[in-house]
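Engineer: Based on the sequences and whatever the hints tell you, model everything.
Protein chains in written order, with this note's numbering: chain A, 1 to 311; chain B, 1 to 311; chain C, 1 to 257; chain D, 1 to 257.
Wrong hints could be hidden among the right ones.
As the list claims (entries may be wrong) - The calculated DSS-like cross-link candidates involving lysine-lysine, where the alpha carbons are at most 27 Å apart (straight line), are:
#  : chain 1 : residue 1 : chain 2 : residue 2
1  : A       : Lys60     : D       : Lys137
2  : B       : Lys29     : C       : Lys201
3  : A       : Lys225    : A       : Lys103
4  : A       : Lys60     : D       : Lys134
5  : B       : Lys285    : A       : Lys285
6  : A       : Lys285    : A       : Lys101
7  : B       : Lys215    : B       : Lys29
8  : A       : Lys29     : A       : Lys103
9  : B       : Lys225    : B       : Lys20
10 : B       : Lys101    : D       : Lys221
11 : B       : Lys285    : D       : Lys221
12 : C       : Lys221    : A       : Lys285
13 : B       : Lys103    : D       : Lys221
14 : B       : Lys60     : C       : Lys221
15 : A       : Lys103    : C       : Lys221
16 : A       : Lys225    : A       : Lys247
17 : A       : Lys225    : A       : Lys215
18 : A       : Lys101    : A       : Lys201
19 : B       : Lys101    : B       : Lys285
20 : B       : Lys225    : B       : Lys103
21 : C       : Lys134    : A       : Lys101
22 : A       : Lys29     : A       : Lys247
23 : D       : Lys201    : D       : Lys221
To be verified - To list a few chain C residues with every Cβ distance to chain D over 12 Å, as calculated:
#  : residue
24 : Ala70
25 : Pro71
26 : Glu127
27 : Arg140
28 : Ala187
29 : Leu193
30 : Ser198
31 : Glu214
32 : Tyr252
33 : Gly254
Hints were generated in silico from the structure; no laboratory data involved. Bear in mind the structure is a predicted one, so any value in this text is a computation, not a measurement. For each residue, glycine too, the CB sits at the ideal point set by N, CA and C.
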Amino acid sequence: QQRNEAFEARIDAGDFIEAKDWMPEHYRKTLVRQISQHAHSEIVGMLPEGNWITRAPTLKRKAILLAKVQDEGGHGLYLYSAAETLGTSRDQMLDALHSGKAKYSSIFNYPTLTWADIGVIGWLVDGAAIMNQVPLCRCSYGPYARAMIRICREESFHQRQGYESLLVMMREGTAAQKAMVQDAVNRWWWPSLMMFGPADKDSPNSEQSMRWGIKRLTNDELRQKFVDATVPQAELLGVTLPDPDLKWNAQREQHDFGAIDWEEFWRVVGGNGPCNTERLGTRVKAWDDGAWVREAALAHARKRATEAQAA
Amino acid sequence: QQRNEAFEARIDAGDFIEAKDWMPEHYRKTLVRQISQHAHSEIVGMLPEGNWITRAPTLKRKAILLAKVQDEGGHGLYLYSAAETLGTSRDQMLDALHSGKAKYSSIFNYPTLTWADIGVIGWLVDGAAIMNQVPLCRCSYGPYARAMIRICREESFHQRQGYESLLVMMREGTAAQKAMVQDAVNRWWWPSLMMFGPADKDSPNSEQSMRWGIKRLTNDELRQKFVDATVPQAELLGVTLPDPDLKWNAQREQHDFGAIDWEEFWRVVGGNGPCNTERLGTRVKAWDDGAWVREAALAHARKRATEAQAA
Amino acid sequence: MSTSVQPGQRAEVQYLLRVGDACLVLSHRISEWIGHSPVLEEDLALGNIALDLLGQARALLTRAGQLGEAPLDEDQLAYLREERHYLNPVMMELPRGDFAFTQARNLIAACWLLPLWTRLQASSDAEVAAIAAKAVKEVRYHQQHAAEWVVRLGDGSAESTRRMQDALQQLWPYVNELFAADAIDAAAEASGLGPAWSSLKPDWDAAMDEVLAEARLARPKDTPHVYAGVRGIHSEHMGHLLSTMQHLQRAYPGGVW
Amino acid sequence: MSTSVQPGQRAEVQYLLRVGDACLVLSHRISEWIGHSPVLEEDLALGNIALDLLGQARALLTRAGQLGEAPLDEDQLAYLREERHYLNPVMMELPRGDFAFTQARNLIAACWLLPLWTRLQASSDAEVAAIAAKAVKEVRYHQQHAAEWVVRLGDGSAESTRRMQDALQQLWPYVNELFAADAIDAAAEASGLGPAWSSLKPDWDAAMDEVLAEARLARPKDTPHVYAGVRGIHSEHMGHLLSTMQHLQRAYPGGVW
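Structural biologist: Right under this line is the structure:
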């Protein structure tokens, strides 16, 4: 009880909690769940973009995409490490992913159908992710906060690269390329809005999460911020957003926008999006196919250790 | 001894030997080896052409190629059946193929690198095969002779289709297509000449094979016939054959042609052509991957038989 | 001719492309087996089925190309559209999988195509009706052949039963697209061009249930997501299939083959 | 810009393309692992190696494009040649295989590229020398990384030993192309552009033998066929690789990316 009060006091003072510090079990569990879910999102997120590495249209774009997907793997690595400081191993977290117990961001259950999807994912999906994640740089758990600082910096870079690639296509490209960009925007816009989670009325803010700095704005507040930030970018780009109800509300000084298809949202979260089965299947296959490699590495280490002892 | 004389008399009379007839062991063995080798050539030969089915440039060409490769499978089927009449099962023959004991035509150890290869295989490779095979339609073993009649008819059709597709490219195609055809001819010409086997001096004609109608002309005679038949076709097509020594010899009333690279011939026959390992590996993999299917079919048949008895 | 063509928005064109592309793409996947089948007889049988489907695709693409705003031939439609303008149901483009997956998909497709072609024989478009009259005979054989394998594998060894049940499980989420309604579909029914796909469901159910019962396989549960390949929203596999299929036409503009 | 380009016959262009295409194509195959590796650390490591090789390819293709009869840029050379004008050794284009195959090939390639880049630092072409100076550091890391895995797997479990030995066996027939001589190669040595590839053999042998010994693996026997990817005679895998790689450039002529 005393420890708990001390913990709360440190939180109130804005101190970082570190791995060696005492923390309430609920805090630990909440963090492990959130951080591992975020880590899983990074590595599952490598798949839709990875799908285009071998087909990137120029060597420059290929290098950018390769580096981006690699960065996502790196984010996964920091995040698994941050979660491991809380006493859960990476293998345990991966088991939870592979068995379907753990979640990852639903956005990755949509397919990348054209090259423009790569740019649009950078612009909208990374944009939404940043909006969600920036507050986490001030989260109370030190290792997580530090990982998020680095991740957000890299994500911003990716977002700019994605947007820039779309600008090139819209400004210098052919009619077919422009149509491709518009089509990708049409497909990704609504799923991007869903990245902020259910409407506030269906998602009572956890006061705890707010206190711990894991959450600072509500889902709807973040979604509104995202829409307001994105509309002028779309105009600059020269694409329309696929929402006839989207318009500036001079009174609110915010954009009004149409109703999200929550049925679709819950369907995809519930495992029935277009790619849920394939994404998980791909991860499980990579893991299972790699089992002999991981076993061999252990066997090798044991052998050499035995020999060193014998020598 | 008496049976042997009767057998020889029937051969001399030009009668067909049938499966139920007595025959000398050497005759049986020679035929099984030759027919199964021919059957293996058909099914291994499906691979280089099959490589282009999914990439055929028009739907018409795709249909023609699909039908052709399917015909080759059909030839394999007749030939295995013909060989089975001699008391060797298809599984035994396939075992011999998969273990590397049995041979197949070396020509299929070269890769198909462009679409023009498909036409050139039809023209040159099928052309050479027909030259080799037509005499077999009169071979003394009835089931083999009958299979060969059907096969030769289909092969002639394939050869005309291949040549026609080259004509279209050479007459109506772009410069890039014409270059593609010439390049394919350059790559397939010498291997096609090698299809007739080693030079006569290195391949003493088996008197036996001659008697049995398995062979009627020597390798070099067939090769000469092939060259003489092909040169005017090449001219009509508008391609050159990659042999500076190739020219009409008015005295012989045949074409002279350059020296074959016998070192390459023996290397490829000996297992070290560009695709030997891959071709055999592909066949073995198809067979191994299909083991569960064949087992399941047997298991199903047993189950249903047991149930029928019980009923 | 490497620049992409657009089939246009006409409902009848779209309806015919949905069926034609289904045949084209399924034929492509089946043809990947040639030379790699478990037994030589299947190289031949699958080759036959691929050829039949290719023929059906050619006929429908040709007809669709005649009905469009600007005439297009079968090859322009087959090779020069962008992915978003191919209208096959997503199921047809899934990778060939193992032999169980291929036979299960062939069964599902044949049980769908059979009532579809049967009704198309009465199409208000005489060309389509003639195409259907030929196709219906072919697809009857396809259905029978696939059914035999589904029964054989479903009620075969422990491994084959597992594989076949897995195959059905993997395929089932793609089934409901084959019976989904939209404006294109409604227009075809209204004009008499062809049936609304939802009307094919009872026949399909009956045919599938019969085979599944004989194969002693469980029918998977329906799933809620409806794929929209018929509106050009494909899976990630489609792009790879097209990069293969279109390669020569794209790389040799102006070529004559 | 979907019409194919020809790099021309100049010996120095061909020599640089041989190396540049080797890097380009190997990078492509390695990149297929991203997201599918046995451990996350390898997604990163293989991503790094693929990126380094891609950078080397870009530099060499750019330089080769400047030296040709008509100037071509890296993308024209990377995306718009016909297969017969890609000059990488065949080994680089073989499918990625299993993890043992990938690491074995990476080792073979790195042990070849390391002495090659080392000598190219003294190229008579200052641009090439500068590219080499950067590349040599990168490839040293690639060699070390691959060697660690070859040792780990070669002297790991029974399965990993078998897989690694099989991988070497499969790769070995493609090794002698890396050291074969021809007129292009001789011209490069004569002009000081770069070493004759045969001169790299002793270094390669020494490096490989050291790793194989530590991995307790048998060195496969040499085989007689010499592949000729460096003269544009590839394996059947190359066409499929190119249909994937070139798809967008071919399908969107005139596109700006």
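Engineer: Regarding the pair B:Lys29 and C:Lys201, is the alpha-carbon distance no greater than 27 Å?
Structural biologist: Judged against 27 Å, a Cα distance of about 57 Å means the pair is violated.
Engineer: Is it true that the CA of B:Lys60 sits at most 27 Å from the CA of C:Lys221?
Structural biologist: violated (40 Å)
Engineer: Within 27 Å, alpha carbon to alpha carbon, are A:Lys225 and A:Lys215?
Structural biologist: Status holds; Cα separation ~15 Å.
Engineer: Does C:Gly254 sit more than 12 Å from chain D, CB to CB?
Structural biologist: Violated, because the least Cβ-Cβ distance between C:Gly254 and chain D comes to about 9 Å, which does not exceed 12 Å.
Engineer: Has the given pair, A:Lys225 with A:Lys103, been kept, meaning a C-alpha gap of at most 27 Å?
Structural biologist: Distance ~25 Å between A:Lys225 and A:Lys103 Cα, so the pair holds.
Engineer: Regarding the assertion that C:Glu127 does not contact chain D, is the least Cβ-Cβ distance greater than 12 Å?
Structural biologist: holds (30 Å)
Engineer: Take a quick look at C:Pro71 and tell me if its Cβ sits farther than 12 Å from every Cβ on chain D, holds or violated.
Structural biologist: holds (22 Å)
Engineer: Verify the proposed pairing of A:Lys103 with C:Lys221, using a straight-line Cα cut of 27 Å.
Structural biologist: It holds: about 23 Å lies between the C-alpha atoms, which stays within 27 Å.
Engineer: Next pair to validate is A:Lys285 with A:Lys101; report whether the Cα-Cα distance is within 27 Å.
Structural biologist: holds (17 Å)
Engineer: So C:Ala187 supposedly isn't at the interface. Is its beta-carbon more than 12 Å from every beta-carbon in chain D?
Structural biologist: holds (30 Å)
Engineer: Going by Cβ atoms, does C:Arg140 stay more than 12 Å from chain D at every point?
Structural biologist: holds (35 Å)
Engineer: Could you let me know if the closest chain D CB is still more than 12 Å away from the CB of C:Ser198?
Structural biologist: The claim stands: C:Ser198 keeps its Cβ more than 12 Å from every Cβ of chain D (closest is about 35 Å).
The earlier numbered hints that this structure contradicts are 2, 9, 14, 21, 22, 32, 33.
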